[in-house]
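Student: Two independent chains are provided; combine them into the complex using the hints.
In order, the protein sequences belong to chains L and S.
Quick note: the first sequence uses our numbering, first residue 401, plus one each step.
Quick note: the second sequence uses our numbering, first residue 5, plus one each step.
Zero decoy hints are in this set.
Listed next, with one range per pair, are the computed distances between beta-carbon atoms:
1) L/R529 with S/A137: 27 to 37 Å
2) L/V507 with S/E35: 31 to 41 Å
3) S/G37 with L/P483: 37 to 47 Å
4) L/V465 with S/A36: 53 to 63 Å
5) L/R529 with S/T33: 14 to 24 Å
6) S/G37 with L/G445: 51 to 61 Å
7) L/S482 with S/A36: 44 to 54 Å
8) S/A121 with L/R562: 51 to 61 Å
9) S/E225 with L/V465: 51 to 61 Å
Covered by chain S, according to a simulated footprint, are these stretches of chain L (three or more residues, beta-carbon under 8 Å):
10) 527 to 539
11) 550 to 564
Simulated from the structure, these hints should not be mistaken for lab results.
No residue lacks a Cβ here, since even glycine has one placed at the ideal position from N, Cα and C.
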Amino acid sequence: MSIRHGLLALLTRGPRYGYQLRAEFETATGGAWPLNIGQVYTTLGRLERDGLAVRGAEDAEGRHVYAVTDAGRAEAARWFASPVGRADRPRDELAVKLALALTGSGVDVRAVVQAQRASTLATMRDLTRRKLGVAEPAQALVLDAQIFQAEAEIRWLDHCERSLR
Amino acid sequence: MSVLDLRDVHRDFGSGASLVRALRGLSLTVEAGEFVAVMGASGSGKTTLLNVAGGLDRPTRGEVLVADRLLTGDRAALAALRRRTVGYVFQDLNLIPALSALENVMLPRELDGVRTAQARTEAAVALADVGLADAASRFPDELSGGQRQRVAIARALVGSRALLLADEPAGALDSTTGEDIMKLLRARCDSGASCLMATHESRHAAYADRVLFLQDGTLTESPTPSAPAHTKEDA
Ligand SMILES: Nc1ncnc2c1ncn2[C@@H]1O[C@H](COP(=O)(O)OP(=O)(O)OP(=O)(O)O)[C@@H](O)[C@H]1O
Ligand SMILES: [Mg+2]
Numbered sequence: 401m402s403i404r405h406g407l408l409a410l411l412t413r414g415p416r417y418g419y420q421l422r423a424e425f426e427t428a429t430g431g432a433w434p435l436n437i438g439q440v441y442t443t444l445g446r447l448e449r450d451g452l453a454v455r456g457a458e459d460a461e462g463r464h465v466y467a468v469t470d471a472g473r474a475e476a477a478r479w480f481a482s483p484v485g486r487a488d489r490p491r492d493e494l495a496v497k498l499a500l501a502l503t504g505s506g507v508d509v510r511a512v513v514q515a516q517r518a519s520t521l522a523t524m525r526d527l528t529r530r531k532l533g534v535a536e537p538a539q540a541l542v543l544d545a546q547i548f549q550a551e552a553e554i555r556w557l558d559h560c561e562r563s564l565r
Numbered sequence: 005m006s007v008l009d010l011r012d013v014h015r016d017f018g019s020g021a022s023l024v025r026a027l028r029g030l031s032l033t034v035e036a037g038e039f040v041a042v043m044g045a046s047g048s049g050k051t052t053l054l055n056v057a058g059g060l061d062r063p064t065r066g067e068v069l070v071a072d073r074l075l076t077g078d079r080a081a082l083a084a085l086r087r088r089t090v091g092y093v094f095q096d097l098n099l100i101p102a103l104s105a106l107e108n109v110m111l112p113r114e115l116d117g118v119r120t121a122q123a124r125t126e127a128a129v130a131l132a133d134v135g136l137a138d139a140a141s142r143f144p145d146e147l148s149g150g151q152r153q154r155v156a157i158a159r160a161l162v163g164s165r166a167l168l169l170a171d172e173p174a175g176a177l178d179s180t181t182g183e184d185i186m187k188l189l190r191a192r193c194d195s196g197a198s199c200l201m202a203t204h205e206s207r208h209a210a211y212a213d214r215v216l217f218l219q220d221g222t223l224t225e226s227p228t229p230s231a232p233a234h235t236k237e238d239a
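So that you can see chain S by itself, here it is in the shape it has in the complex (with noise of 0.2 Å):
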């Protein structure tokens, strides 16, 4: 089962002299338990793509299909099914500043109506996931950049969404603590979701099934995995 289908996509910002064409006919199909990586140069559209693959934003023309169902027409039905099917780590990270990082991850649970103790529960784990157990009670304002992004994964980790939509999720993060995020993820479609994620680092790009690079507005894809590595002994 596909989990995230767009057909044809194109987003267009601005007109006239000022009109950017970000994506341009763009096609992926994103399967159940796929980790799909998108690379590209800054400006390339690896924001556009996921705000529109996620309901975010709309195309200016195509389909996109979340859970075989179109993301058109009815608001609330639309923000009901992003609500319990999608995960988001955005590039601006959107934290509460009212709330403690515990309770920033247990939001999403909240409004799917879980009980508080349980969405504690399950936020404190989440947490902890992304090791920040120790932090649970701190504000946002009160974090370190790097912690900030971790609770901001947390939040879209917790509740075990189909598909998690991130946005360079280990930014900004060293080297180690990336690398646990990127565990994470891949644990996370090892056992069934499905994740699509920007990022310009290759090292994260590699813990993904499939690695797709976007130029020119549309994808293009890379061998798969068992490529003939480099040819250096011919020499």
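Next comes chain L alone, as it looks inside the complex (with noise of 0.2 Å):
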């Protein structure tokens, strides 16, 4: 998940303090990614060197402002605009322990993959039951697109299953 596109797209909304973006991408993302407020400013830090977004003035506490760039606003647009690569994901970590375990000797493969299966049922079990709970549609969809992840994945697995009979 790219944190400096997420921010980037919250300060094209109008300019932000580093904790009201965290609480708004925490908000829009339904708690999906939580961030800590070192990573938002570590974050900013980063957009600020890249010419995307200014730091304003320090305000009475000791606070400081961002804005986005004209620059920052064409990257948000493209970024928006660009599909998300396959492979810009972490490499499957489950797909590679199935073959490791199928192409060696002494694991049950079939108890690896029910383990996992209960296991992804289980967490998709606690994404339903936060789904009931978030009243912003946003929110609710950004839990959708992890329970259908874990969907494809138990169909994979269902599938991988049934290969081995």
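Tutor: Below, the structure is given as structure tokens:
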């Protein structure tokens, strides 16, 4: 997940303080990716360095407001317009694990599949429960993204299990 | 209180070379207010399980109790218990072609002996719950597959049965309509009813309190809700 682009997109809505960005990011995404404030300021520092945002003057409480630049606006638009490639996502540990279980010896592959499926299903149940509790449609959709990914994993596991027969 | 109790249930079909042992010593208890999902490959016995649980089919061996009463013996008593306590959504929907959607949904309440006006009101509410208020006067052959399925769900929901048995209730529905049905079932259970649902869809099973896997004629349970999630970060 690109925190950099996420924060940049929020800044295109208007100038924001770091703590505001953090809260808005978490609200929009239903708490799916909790940010710590350090990450937020590090990222803002890089946006500033790259000319995508500017830092305003210090206020009475020593805080700085950040605003997007024209280049930042263009970058945010480019981000929204570009599809996310499969290669941008982390490598699939589960597929690697199963491949190694299958090609090695002494590993009960079916047990690996069943344990994984039960765990993924439990995760899915937690996500579903959280989804029933959120009020914002955007938050529900972010949780749905994770639910559909979990579903795909379970379907793939079912497929693996049948192929093993 | 347990609403459904299956004790060491077996169900064989056929005999000799064509013997199919669909259920092999299966035990299951569903408590009041509990939503239980059963998953399993095609042919694993899900429909057989629901039919036996609802008294529509008899086990070859073992006991079935609904609302703490044994489903055996007296046909009339069995039929009455079934009708009063259980709402069914079947894989083949069994809507009556000569009745409108509303009349199909009214039917179980009229069999309960409820006045027609009351049955009509309740049926209209149940149809609205499944998003079909506008289709009440249409006949089954004037509805899409998914709409017919929702009429069948409304029919099972009407009259607040203690036990809902649902066989792939959202099978023919798109993802949002399917989820709306799951939310309805979830809400029913949250207000005290019990539901046993067979499904291929893990997204739907995720609405349940417990998910059971049917394999080789018996059930295995997945771990309780907050089981450890992924350990991808450990890499
Ligand atoms: N009346 C019957 N006579 C003979 N065999 C039957 C009968 N009903 C079911 N079976 C067999 O029992 C097994 C379980 O069938 P069942 O319909 O319960 O599976 P299911 O899990 O509901 O499958 P699906 O997901 O395809 O609906 C299958 O092998 C099926 O062929
Ligand atoms: Mg079936």
